[in-house]
Every structure is written in C-alpha cells, then in structure tokens.
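Enquirer: Chain residues, written in single-letter form:
2 protein chains.
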Amino acid sequence: MKPLKVVKIGGKLIEDSAKFDEFLEDFKNLEGHKILVHGGGNMATQISEKLGYETKMVDGRRITDEDTVKVITMVYGGLINKNIVAKLQSMDTNAIGLCGADGQSILSVKRPVKKIDYGFVGDIEKVNSQFIGALLNDGVVPVFSAISCTKEGVLLNTNADSIASEIARAMSKSYETELYYCFEKQGVLADASDDESVIKEIDFLQYKTLVEKQVITDGMLPKLQNCFEALEQGVHKIHLGNHQSLKENTTHTKIIQ
Amino acid sequence: MKPLKVVKIGGKLIEDSAKFDEFLEDFKNLEGHKILVHGGGNMATQISEKLGYETKMVDGRRITDEDTVKVITMVYGGLINKNIVAKLQSMDTNAIGLCGADGQSILSVKRPVKKIDYGFVGDIEKVNSQFIGALLNDGVVPVFSAISCTKEGVLLNTNADSIASEIARAMSKSYETELYYCFEKQGVLADASDDESVIKEIDFLQYKTLVEKQVITDGMLPKLQNCFEALEQGVHKIHLGNHQSLKENTTHTKIIQ
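Line by line, the protein sequences are chains Y and H. Here UniProt numbering is used: the first residue of the first sequence is 1, the next is one more, and so on. Here UniProt numbering is used: the first residue of the second sequence is 1, the next is one more, and so on.
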C-alpha cells in the first residue's frame, strides 16, 4: 500500500505565524501523499465578538448557534483555509482547500440533543474516501477546514481532531496511513511541569498504566483513547508533537498498537 | 468537442434567496459539464461595516485594502461559496468550492498602480485549464468565488465577470463552451424603461449599431465588449439574462459572432 500522511494542526499553532510558517515548510517537505486538517483557534471567537455575536455557553460547553456557524464558515472555511492553500501553492505544493460539503467529502449528522443542544455541531457519519483518493491520484494535497455537512446541505462545526482521525481511518483501507497531531507541546509528557519529559512511544498496555498512574489526564485522555481506536481500525501509526514533529528524528510521542 | 456551460451569477441574485433557490434548481438541471462562478453582492460590505472597517473610495472607485480582502476571503471564499456547495450537494450535484488559489486555478497579478492604486485587486494571467478539466472528468462541478491568487500566494479580489470569461476562454480549447451571465434583468433591453424589450440576439454588427444609437451604454458596454472578445477567442455562445435564462426557450439575449 502507498503511504499517506494525515496531519492535523491545532489552532494555537496557526495563530503563531512564525511557527506556522515553519510548520508549512516541514509539511511541504513531507514526501508522498498528504492531507492537512486545520482548526481555527480563537480567530472565530474574535470575529464573532467584533460582529457583536455572543458566545453561548451551556454547562460550560460552547454552543454553536446559527451566527456562530456562519462565522466558522467564514473564518475556518474561507479566511484560514484559503490563506493556507495560497501559501502552500506559493511553495509549489498543489493544495486545494475543502470543507466537508465539497465533494460530499465529510458527511455528518447534527449532534442529537440529549442533555445539551450543542446547536450546529456535526457528528461524522462517512468520509468519502473515493473522492479524496481521486484528488490524491491527481497529485493534489487536500486541506480540510473543520466543517462537515449533512445530506440536507447544512454546514456543521466539527471537531478538527475527529475530522483528521475519521479521514485517516477511511483512507487506511487503501493507504498505509500515518496520522500526525501537531499542537503546542512536544508530545505526551511524563511530568506535566517538565516540557522535556516527552514519552517517545506509547502502546496500549503502557497507555493503560499511564492512565492508572494519572500521568495521562484531562484533554489528553480522550485524544489518546481516540488514537487507539484509530489504530484498531487500520491507521498504521500516530504521532503527537509540536510543529517540528513532521521532521525526521525529532523528539515527539509515537502511538503504536 | 464535449459541451461545457460556464455560468456566472451576480450578487443581487444571490441575495434574493427565493430566486437564488430557483436558479440553483435550474443550474442543477443543466446537462453535461458545468462550472458556476459567483460574486458576493453587498454581503461583504455589510460584514465590513459590522467589523468597523471603512469602505475606501478614490475617484469614486472602491479600493480593496488589506481588511477588505480578508472580508472578501471570508464572505465570498467561505460563507457564500460553501453554502452554495452544500445546497448543490443536497440536490445531488457533486459540487466543490474553489477560489483561484485552489489548484492554482486562477493565477493573477496585483493590478499595477497607474492613476489609482486599487489595492488587493487581481488581473488574471492564467487559468489552469488542465486542473479544471481533471475535475470535470472526475464528474465534479467546480464552484468559483471571485478571488484569484498571485504566484507569491497573495489572495486578490477579482471581478467575477472576468473570472467567468477567462475560465470560458481557457476551457474553449477543449470544450464547446457556452457562457451564461445571470443577473437581475431579462437580458439586454432595447428600451431601458421597458423590461419586456429584450433583444433576443446580438451579433457584432448589431452591437456596433446599438452602441452608436446609444441603446447600449454604461455598464453594459464593457460587458458586451468583453463578450465579443471571448467569442473571438473561442467561446461558442454567450447568454445574458435573469435566473431563468438557464431554462430552455426562455427569453434572454444571446450574443453571437
């Protein structure tokens, strides 16, 4: 199987333009088929505030109302996405910018209301691996914003980590797929107060031990849980680290089965 | 040669959601290969005002400063483009939304400063007909927002009529290309005060006579001039009319050589 690298970049890295430029240089240098998935960080919130839209919270969770999904479509789907594509093109990387509506690439349903109505938030149902595969075959580098779309044509705010992992899972049927989560830390830390204490490799047994010892807590818990599910469903390897982790031989965390 | 229809829809039609839905229904029903190009109307101005950005005018011409091109990238490239794609997908039309940066599809240069510095405005240099052709071959319907991009990765506000006609010209080497300009009128009028006085067909000789008689004036002059240039460069036929002109046998103006 041909190799494929699916790279997710977090919002905070996008906001730091020097680090982001470095990241794009490393992304450009990745050989073979590749896909970029980006979040949007605080830019959507800033634009929302400027437009006079209120951030709605219920039980500490952010709600995506109609105004918010419009801003997300503008900021993630337009401003950030098209600027990433423009930069990559100027670096001779043949990128195209997509959201889940394009080519019906990421079909979702509006999250069912249980305790909380999250509003215009998508739970992914199906990744169109045939369409994405056709683009890769044409030598194109797809750049996805974190927006999915329902069968009925409703755009939905969607977790960028989920988009990256669902794309990786779907593509792993035809490609030896590696998934990269790039964020502000160098990787999973053995000691949260020591940025140098990166754990270089974690398999499922080690993960269980680290959870028991409460080394892995909070936001890292669902992220890693999700990683092991992706590995079970065919993803070859997963990398967690900062903007430099795309380079060979840099310190970061590898998640293996 | 296979037929291809390039359809440009004006901003005012997009703002009228009932007419726009009718238009999309007719666009969906067009047989064969097709491409949609859209403007954005007043929505960008409204968002700019809400964000507190001033509209800059020099000698009565609007200037695209850095803030304005950001808003255009958000509104045209994101909000409007992705919503059109989502609607078309819900109607079983396999659309993808693009700006000129995507696949380096519309390469431009920043308009040279002569009397006026228009700012971030693009003059089109090259349409990537190979990339667009590959998408059409994959059964995709490209939907273009009116944004082009320089080699250096700078996004530029670009006239939607120009984008449509440059795409039509470039594609006419491989396709029998018809170009549709859909706007709020039924076509070119013999009497500006009579909406029913549509001139059904205009060739170049008739055009010259109509200009002399001052039937064709103002904004219609450059539009028609541009049409005849496009016909000379290989575009097969051009249609001017309202949202219904995509239907068979409706009254509108056909421009022929």
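Quick caveat, the hints were computed from the structure, so don't treat them as lab data. Among these hints, one or two may not hold up.
Taking beta-carbon pairs under 8 Å as the criterion, some of the chain Y residues facing chain H (in silico) [said to hold, decoys possible]:
no.: 1; residue: G41
no.: 2; residue: T45
no.: 3; residue: S48
no.: 4; residue: K50
no.: 5; residue: K70
no.: 6; residue: M74
no.: 7; residue: Q104
no.: 8; residue: A134
no.: 9; residue: E152
So these bits of chain H aren't anywhere near chain Y, every CB distance computed over 12 Å [said to hold, decoys possible]:
no.: 10; residue: G52
no.: 11; residue: V58
no.: 12; residue: K70
no.: 13; residue: D92
no.: 14; residue: D102
Heads up, simulated DSSO-like pairs for lysine-lysine below, C-alpha to C-alpha not over 27 Å straight-line [what the hints assert, rightly or not]:
no.: 15; chain 1: Y; residue 1: K50; chain 2: Y; residue 2: K173
no.: 16; chain 1: Y; residue 1: K12; chain 2: H; residue 2: K50
no.: 17; chain 1: Y; residue 1: K173; chain 2: Y; residue 2: K12
no.: 18; chain 1: Y; residue 1: K185; chain 2: Y; residue 2: K173
no.: 19; chain 1: Y; residue 1: K28; chain 2: H; residue 2: K50
no.: 20; chain 1: Y; residue 1: K28; chain 2: Y; residue 2: K50
no.: 21; chain 1: H; residue 1: K223; chain 2: H; residue 2: K56
no.: 22; chain 1: Y; residue 1: K126; chain 2: H; residue 2: K87
no.: 23; chain 1: H; residue 1: K19; chain 2: Y; residue 2: K50
no.: 24; chain 1: Y; residue 1: K151; chain 2: Y; residue 2: K12
no.: 25; chain 1: H; residue 1: K237; chain 2: Y; residue 2: K126
no.: 26; chain 1: Y; residue 1: K151; chain 2: H; residue 2: K237
no.: 27; chain 1: Y; residue 1: K87; chain 2: H; residue 2: K151
no.: 28; chain 1: H; residue 1: K200; chain 2: Y; residue 2: K50
no.: 29; chain 1: Y; residue 1: K28; chain 2: H; residue 2: K151
no.: 30; chain 1: Y; residue 1: K213; chain 2: Y; residue 2: K237
no.: 31; chain 1: H; residue 1: K50; chain 2: Y; residue 2: K56
no.: 32; chain 1: Y; residue 1: K151; chain 2: Y; residue 2: K200
no.: 33; chain 1: Y; residue 1: K110; chain 2: H; residue 2: K87
no.: 34; chain 1: H; residue 1: K28; chain 2: Y; residue 2: K87
no.: 35; chain 1: H; residue 1: K126; chain 2: H; residue 2: K19
no.: 36; chain 1: H; residue 1: K213; chain 2: H; residue 2: K200
no.: 37; chain 1: Y; residue 1: K151; chain 2: H; residue 2: K50
no.: 38; chain 1: H; residue 1: K126; chain 2: Y; residue 2: K87
no.: 39; chain 1: Y; residue 1: K2; chain 2: Y; residue 2: K12
no.: 40; chain 1: H; residue 1: K28; chain 2: Y; residue 2: K110
The C-beta atom is built at its ideal place from N, Cα and C for all residues, glycine as well.
Enquirer: If a hint holds in the structure, say so; if it does not, say that too.
Expert: Each hint tested on the structure:
1. Restraint check, G41 (chain Y) versus chain H: the minimum CB separation of about 15 Å is more than 8 Å; hint violated.
2. Taking 8 Å as the C-beta contact cut-off toward chain H, the hint placing T45 (chain Y) at the interface is violated, the least distance being around 14 Å.
3. Annotation: S48 (chain Y) was flagged as interfacial toward chain H, and the flag is violated, the nearest CB pair being 11 Å apart, outside 8 Å.
4. For K50 (chain Y), the suggested interface contact is upheld, since its CB lies about 5 Å from the closest CB of chain H, less than 8 Å.
5. For K70 (chain Y), the shortest C-beta to C-beta distance to chain H is roughly 6 Å, which falls under 8 Å, so the interface hint holds.
6. With a cut of 8 Å, the hint placing M74 (chain Y) at the interface with chain H holds, because the nearest CB-to-CB distance is about 4 Å.
7. Among the interface hints, the one on Q104 (chain Y) holds; its C-beta lies about 5 Å from the nearest C-beta in chain H, closer than the 8 Å criterion.
8. A hinted interface residue such as A134 (chain Y) counts as satisfied when its beta carbon comes closer than 8 Å to some beta carbon of chain H; here the least separation is about 5 Å, so the hint holds.
9. About 5 Å separates the beta-carbon of E152 (chain Y) from the nearest beta-carbon of chain H, less than 8 Å, and the hint is met.
10. Residue-level check failed: G52 (chain H) sits 7 Å from the nearest beta carbon of chain Y, not beyond 12 Å.
11. With a minimum CB-CB distance of about 25 Å to chain Y, V58 (chain H) clears the 12 Å threshold, and the non-interface call stands.
12. At roughly 6 Å from the closest C-beta of chain Y, the C-beta of K70 (chain H) falls inside 12 Å, breaking its exclusion from the interface.
13. Some Cβ of chain Y comes within 12 Å of the Cβ of D92 (chain H); the nearest lies about 10 Å off, and the non-interface call is violated.
14. Its closest Cβ contact with chain Y, about 4 Å, brings D102 (chain H) to no more than 12 Å, contrary to its assignment away from the interface.
15. Proposed proximity of K50 (chain Y) and K173 (chain Y) is contradicted: the alpha carbons are some 44 Å apart, above 27 Å.
16. Pair hint K12 (chain Y) plus K50 (chain H) holds up; C-alpha atoms about 26 Å apart against a cutoff of 27 Å.
17. For the hint linking K173 (chain Y) to K12 (chain Y), the alpha-carbon distance of about 31 Å lies beyond 27 Å, and the restraint is violated.
18. At most 27 Å may separate the alpha-carbon atoms for a hinted pair to count; K185 (chain Y) and K173 (chain Y) exceed this at roughly 30 Å.
19. With a CA separation close to 37 Å, the supplied pair K28 (chain Y) and K50 (chain H) exceeds the 27 Å bound.
20. A distance of roughly 34 Å separates the Cα atoms of K28 (chain Y) and K50 (chain Y); the hinted pair therefore is violated under the 27 Å criterion.
21. Distance hint between K223 (chain H) and K56 (chain H) is fulfilled; the C-alpha atoms sit about 25 Å from each other, no more than 27 Å.
22. In summary, the hint linking K126 (chain Y) to K87 (chain H) is supported, as the alpha carbons are separated by about 18 Å, within the 27 Å threshold.
23. For a cut-off of 27 Å, the pair hint linking K19 (chain H) to K50 (chain Y) is broken: about 31 Å separates their Cα positions.
24. A C-alpha spacing of about 31 Å is found between K151 (chain Y) and K12 (chain Y), which places the hinted pair above 27 Å, so the restraint is violated.
25. For the hint pairing K237 (chain H) with K126 (chain Y), the CA-to-CA distance comes to about 41 Å; that exceeds 27 Å, so the pair is violated.
26. A C-alpha spacing of about 35 Å is found between K151 (chain Y) and K237 (chain H), which places the hinted pair above 27 Å, so the restraint is violated.
27. This hinted pair checks out: K87 (chain Y) and K151 (chain H) have alpha carbons roughly 9 Å apart, not beyond 27 Å.
28. At most 27 Å may separate the alpha-carbon atoms for a hinted pair to count; K200 (chain H) and K50 (chain Y) exceed this at roughly 48 Å.
29. At roughly 16 Å between alpha-carbon atoms, K28 (chain Y) and K151 (chain H) fall within 27 Å of each other, so this suggested pair holds.
30. For the given pair, K213 (chain Y) sits about 24 Å from K237 (chain Y) by alpha-carbon distance, which is consistent with the 27 Å threshold.
31. A distance of roughly 20 Å separates the Cα atoms of K50 (chain H) and K56 (chain Y); the hinted pair therefore holds under the 27 Å criterion.
32. Straight-line distance between C-alpha atoms of K151 (chain Y) and K200 (chain Y) comes to about 41 Å, which puts the hinted pair past the 27 Å bound.
33. Restraint check: the Cα-Cα separation between K110 (chain Y) and K87 (chain H) comes to about 16 Å, which is no more than 27 Å; the hinted pair holds.
34. Restraint check: the Cα-Cα separation between K28 (chain H) and K87 (chain Y) comes to about 33 Å, which exceeds 27 Å; the hinted pair is violated.
35. A hinted pair counts as satisfied when its Cα atoms are at most 27 Å apart, and K126 (chain H) with K19 (chain H) does not qualify at roughly 33 Å.
36. A C-alpha spacing of about 17 Å is found between K213 (chain H) and K200 (chain H), which places the hinted pair at or below 27 Å, so the restraint holds.
37. For the proposed pair K151 (chain Y) and K50 (chain H), the alpha carbon gap of about 32 Å is over 27 Å, so the pair is violated.
38. A C-alpha spacing of about 18 Å is found between K126 (chain H) and K87 (chain Y), which places the hinted pair at or below 27 Å, so the restraint holds.
39. Restraint check for K2 (chain Y) and K12 (chain Y): the C-alpha separation of about 31 Å exceeds 27 Å, so the hint is violated.
40. With a CA separation close to 25 Å, the supplied pair K28 (chain H) and K110 (chain Y) stays within the 27 Å bound.
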